[in-house]
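Engineer: Chain order of the listed sequences is A and B. Okay, so the first sequence: first residue is 8 according to the numbering used here, each after it adds one. Okay, so the second sequence: first residue is 300 according to the numbering used here, each after it adds one.
Source of the hints: derived by calculation from the structure; they are not laboratory data. Cβ atoms here follow ideal geometry from the backbone N, Cα and C, with glycine treated the same way. Mixed in with the good hints there might be a few duds.
List time: in silico DSS-like cross-link candidates among lysine-lysine, alpha-carbon distance up to 30 Å [claimed, not checked]:
(1) Lys821(A) x Lys450(B)
(2) Lys424(B) x Lys832(A)
(3) Lys948(A) x Lys965(A)
(4) Lys104(A) x Lys403(B)
(5) Lys965(A) x Lys403(B)
(6) Lys343(B) x Lys532(B)
(7) Lys29(A) x Lys858(A)
(8) Lys892(A) x Lys795(A)
(9) Lys795(A) x Lys29(A)
(10) Lys191(A) x Lys139(A)
(11) Lys104(A) x Lys343(B)
(12) Lys795(A) x Lys343(B)
(13) Lys354(B) x Lys832(A)
Which chain B residues face chain A? A few, computed with CB under 7 Å, are given here [stated by the list, open to error]:
(14) Lys354
(15) Met358
(16) Met379
(17) Gly380
(18) Phe398
(19) Gly400
(20) Thr402
(21) Leu438
(22) Glu444
(23) Gly445
(24) Thr446
(25) Thr469
(26) Asn482
(27) Val485
(28) Tyr495
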Amino acid sequence: MNKLLLPFILIFAGDALMAQTKVSSSLFSVMEARALGSGTMSGRITAIEGVVADEGKTIYVGTAGGGVWKSTGGGVSYKSVFDKYCQSVGALAIDQKNPQVVYVGTGESNMRNSVSIGDGMYKSTDGGDNWKRIGLDSTEHISKIVINPNNSNEIYVAAPGPLWSSSTHRGLYKSTDGGVTWQKILYIDEQTGCADILIDPLHPEILLASTWQFRRTPYSFNSGGNGSGLYKSTDSGKTWREIKNGLPAKPFGRIAMCLAPSNPQQMFAIVESSNTGLFISSDGGESWKSQSAPLNIVARPFYFSTIAVDPKDPKRVYRPAFSFSYSSDGGYSFMDASYDGAPIHSDMHAIWINPVHPNIIYVGSDGGVYMSVDKGVTWQFIPNLPVSQFYHVAYDMKEPYNVYGGLQDNGSWMAPSAAPGGIGNGRWEMLGWGDGFWVVPDADGKSVYWESQGGNMNRGILPTYKAESIQPQKTASEEKLRWNWNTPIVTGANNPHNLYVGAQYLYKSTDQGRNWTRISPDLSTNDKLKQKQEDSGGLSEDNTSAENHCTIFTISESQTDEKVIWVGTDDGNLQFTTDAGATWTNVSENIAQCGVAKQAWISSIELSKFDKNLVYVTLENHMYGDHTTYLAKSTDYGKTWTRISSTIFTGFAHKIKEDTENRNLLFLGTEMGLFATLDGGANWFRMKNKIPEYALVRDIQIHPRTHDLIIATHGRGIFILDDIRQVSQLRTEILDKDMYVFPTPDFVLSQGKFGYGGPNVQGEWATGNPPFTPPISYYFKNRLSSGKVSIDILDEQGNLVQTLPGTILKGINKVYWNLRETPPKVAAGSTKIDGAGATAPMVLPGVYTIKLNVNDKVYTSKVNCIHDGSNENLSPAQRKLVYEKAHELLKVYNNLNATIDSISLLQTQLKADTVAFAKNKKLKAKYDELQKIKANLTATKKTSIFADEEKIREQISKLYSAFCGMEAAPNSMQIESINYWSDEYAKQLALFRKLANDNKNKAPGKK
Amino acid sequence: MKTQKLFLSILIIGIMSFSSKAQTADEIIGRHIAAIGGTENWSKIKTIKMEMAMKMQGMEVLITATQANCTAMRTDITVMGMTGYSIVTKTNGWNFMPFQGQTKPEPMTDDMVKAAQDQLCVLDKLSRYKETGDKLEDLGKDDVEGTECFKLKLTDSNGQENTFYLDAETFLITKQTVKTNLNGQVMENSIGMGNYQKLDEGVVIAMSTQTQGGEIEVKKVVINPEVDENLFKLPN
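All chains, please: the whole structure from these sequences, using the hints.
Structural biologist: Rendered as structure tokens:
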């Protein structure tokens, strides 16, 4: 063999190996998650911008963890336009000279403990349909984007920069080429970023920028330092000088600014300092004077950094912050917005005042977007932005099951996974207040555990929601209890009557929190240096339990043994007990050996259902500036660990979940995406499935009865990916086949559990229910670009019941059969649409054949259709009766249609010779007689949808449709009606036959 | 040996550069035109008639589309015993949809006519973009229902945007999205295309179209049938 060819052979052999089907999200595109939202409590909004040229009809909304949403109707409806990118948005800007150009700065800059992280700047040149990443990738947080109103290519970006680490990637950046290249034009040091930027609209070479020194650790926050300051440039950012005249003594914290568009020399600044307050300038920022310091001005400057002025009235000042307040005297005095209307949600971060119609204002809060049409006095809530920020999700075993979860600044909630008419905002019910985290239903079906920040936990009772505080208390022998901001409340996976909560100690209750037993020593590192939260905040004290540290963060009871409990802390400890808490083993040193960060938060622990020695753990270390996705696995009960990595992972890890049926199927949720593996972690793929590709996935559950994947996101609410069994079943031997038909589970003969339920189309967020029956599923290795797929359903006698069009997708295909036969054909000639043509009798119980036709190949399988035993209103005998009566009606209906067709045909024949028809009165009379019969048979007069007309066909059609839809025994009148309308039809048929016979007898040539 | 290594390196680099060479939008469109049968075959089509059916859980909606190339188009739709139609010409457009309650044909708005006129030619808009003068943008690759596709966008002088997703292997259109502003309403519709078949006339057409309402299957295609021009006029 020519040695020269050897490398090629190896190369192509490698290709052949690679040719093995690669598992990716492309195989599951048919599986689309349902977004339950909700829109009723929405989530934190970080930026709002509108298009001036269309007078504010087009609006973009940036969110803390839900991407960017666009409305082209002034906020009446919204569409998500940023689903493929980082979901944390800090700033938006529209080039008002060409409003198709939109910039997004990712990475929110409201620097609370739970703030997410961005990955740079994005630009769209087509109004948000397509985006391009344009740099500043490492800034992590962007607070403001400003475009020179006279030069669209000149863009300024204020980047506070990383929150959790020192960095040079912060400061004020400038582009002079529309975002192609960037220069840092104002930089203080690695601790200080740029918080705000103003550009003088009349003299855009004049800029005012505020710098901000700030830092978080997992256990403290500081806002303020000598790096913070106010700077002015009069040469487009080439040179800067610090402004001090009239400002309080340094150090400063965060400075928020605005100017009056109608008088740009008039400026306003909220300066955080030892004497925080509102300062005003009337000389373009050269000098300042103290104006006022009401509560809403000075409240939490690090979090409320927005102030705005009316575009036309320089005295009208708006302060969206802890509350919404407005001033009519240039910021000297403020009035809070009225509660007459929607009480606007506390904690606001974004405002857009329509420059053309300044009475119209949009504000973004921790609870969504509000709109005012009276300059901020009263507000209405925008109910269609499903950007709620869940921390966790749980489910119950009801039918349909409910989901439960807690939301950042929006309390604790529950909603059904399905409901009559779908799941709209109104289906969500609020159980508790505050920041919500764990919301866990009790096995008794009526109790729910929920909490607010810092471990304030309660037991609520459904359906009244009355709640009792159940938080364990310190005793004399214990240190002050340390409760995490996001304190774990967990019921046992093996014994659901076990209730666990964790401070630095683990507590257990077996009577729903009425009594507690401490079952561990302090499981944290108990590092005293990390327990000085009362000093947290910097210039403005801020201790809201968000920085509580050295606490238990994760609790997991084994699915197979209630005595086995694993616990993870926020300071790197991973401990377990095998004797229900009598003794504990700390394996944090062991896990650190595999290369995970030692002090990282243990974010989730998954104890395998299939192997008691198998444990998965996610860790996250972003509070030390490390965004690595940490996932580790132990197969020997924590003695040794293996790090599981993938080049496709993005974001720090929140949750690992093992499938309930396939031990090699794992799901991983991170700050930037949902990932899955079908081979136990060797190869991973990013799940899309109508879930934002970089969604902040905080929690994942799999419902054991429905096999639904339930996903909690911190910015896009709850997603349910219905019935993932086909994913569980995708083993290598199937993946490598060109085509595979999945076994079809039994079909329960029912139209589902719900009736009409009303339309969920009142402008609020709503999602539909899962399909009422399982699909017929098959797999194609590749998309079928040429050829046809159809599915024939045959009964036990081989009769064709219905033919369904098939899909041709790569990967899993799902086709739904409505469990009915084929609807009848409707005869033409009526002036009314006939509903019978859209329905057919539901099939009877039995074994049906599924013939999947793929071009010239046929794949045959069986499906068992079974009576719905849960329906007490319909016995098997009654089902048969309903079926037979529906067929009786169908027969009459088909005959009647045939008669109408025959009449129409005869009429056409009579009119065939138009000259003869015009001259021959008998022909005309006969035609009219036929028309009279037709008019008795079906609606022929109707000229408007408002003029209903019901003749024999319409009556039979209505009756037939009723029998087709029946899931209860028919009443006697319905059965009697069949005979009545059959007789009525028979009378008209007799008349027609007589006329038809007459016509035959008198046809030309007959004597 | 040294020579062999050099030769091997050149060969490998050559293969790699060939396989990884980015294709320009024009090259992609050229491959697409070839994949659908070439402009010469398409240019021979003066009229076309297609009989189609949309199946929804056994119920069939019958659709007949008759088209005079780049001149006029009529679509007849039969739903549960009633038939309606829409007509679009170079100057006008009408709808008559009795199943939606209309009792007589109603004129389309100017914006609707302009949008519908986009579809008057039998050859797809992407293949004609040089003659229409539409702005072409190459948006890279995107995943359509699991299939890697080239994504190309056309924007016409009315601002209507057509985004085409071409299967990266076959260069056939997998999906097309049309975004238009109809009388102040921004409308966006997507259709999927599949089951491409080569007709005797040499053109390759999609025999299956996926819409939000369901799949429309082409049952019969007649190329260059005689078409009465009265078909495109409103009945008296």
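Engineer: Work down the list of hints and note, for each, if the structure agrees.
Structural biologist: For each hint, the structure was consulted:
Proposed proximity of Lys821(A) and Lys450(B) is supported: the alpha carbons are some 26 Å apart, at most 30 Å. Annotation: proposed proximity of Lys424(B) to Lys832(A) is violated, straight-line Cα distance about 37 Å (limit 30 Å). Distance restraint check for Lys948(A) and Lys965(A): the Cα-Cα separation of roughly 19 Å lies within the 30 Å cut-off, and the hinted pair is therefore satisfied. Distance hint between Lys104(A) and Lys403(B) is unfulfilled; the C-alpha atoms sit about 45 Å from each other, more than 30 Å.
As the CA atoms of Lys965(A) and Lys403(B) are separated by approximately 27 Å, the hinted pair is consistent with the 30 Å bound. Between the alpha carbons of Lys343(B) and Lys532(B) the distance comes to roughly 24 Å, so the proposed pair stays at or under 30 Å and holds. The straight-line distance between the Cα atoms of Lys29(A) and Lys858(A) is roughly 28 Å, inside the 30 Å bound, and the hint therefore holds. Restraint check for Lys892(A) and Lys795(A): the C-alpha separation of about 36 Å exceeds 30 Å, so the hint is violated.
This hinted pair checks out: Lys795(A) and Lys29(A) have alpha carbons roughly 25 Å apart, not beyond 30 Å. With a CA separation close to 21 Å, the supplied pair Lys191(A) and Lys139(A) stays within the 30 Å bound. The hinted pair formed by Lys104(A) and Lys343(B) fails the criterion: a straight-line CA distance of about 45 Å is larger than 30 Å. For the given pair, Lys795(A) sits about 27 Å from Lys343(B) by alpha-carbon distance, which is consistent with the 30 Å threshold.
A C-alpha spacing of about 13 Å is found between Lys354(B) and Lys832(A), which places the hinted pair at or below 30 Å, so the restraint holds. Interface restraint check: Lys354(B) against chain A, minimum CB-CB distance 5 Å, threshold 7 Å, status holds. Interface restraint check for Met358(B): the shortest CB-CB distance to chain A comes to about 5 Å, inside 7 Å, so the restraint holds. Interface hint status for Met379(B): upheld, as the beta-carbon distance to the closest one in chain A is roughly 4 Å, under 7 Å.
Annotation: Gly380(B) was flagged as interfacial toward chain A, and the flag holds, the nearest CB pair being 3 Å apart, inside 7 Å. Evaluation of the Phe398(B) hint against chain A yields a held restraint, the C-beta minimum of about 5 Å falling below 7 Å. Hint status for Gly400(B): holds, given a least beta-carbon distance of 4 Å to chain A, under 7 Å. Interface hint status for Thr402(B): upheld, as the beta-carbon distance to the closest one in chain A is roughly 6 Å, under 7 Å.
The interface hint given for Leu438(B) is met, as the beta carbon of that residue sits about 5 Å from the closest beta carbon of chain A, less than 7 Å. For Glu444(B), the interface hint holds, since its Cβ comes within 7 Å of a Cβ in chain A; the closest pair sits about 4 Å apart. At about 3 Å, the closest approach between the beta carbon of Gly445(B) and any beta carbon in chain A falls short of 7 Å, and the interface hint on this residue holds. With its C-beta approaching chain A no nearer than about 5 Å, Thr446(B) sits inside the 7 Å limit, and its interface hint holds.
Taking 7 Å as the C-beta cut-off, the interface hint given for Thr469(B) holds, the closest approach to chain A being about 5 Å. Annotation: Asn482(B) was flagged as interfacial toward chain A, and the flag is violated, the nearest CB pair being 13 Å apart, outside 7 Å. Look at Val485(B): its Cβ gets to within about 4 Å of chain A, closer than 7 Å, so that hint holds up. Because the closest C-beta pair between Tyr495(B) and chain A is about 5 Å apart, less than 7 Å, the hint holds.
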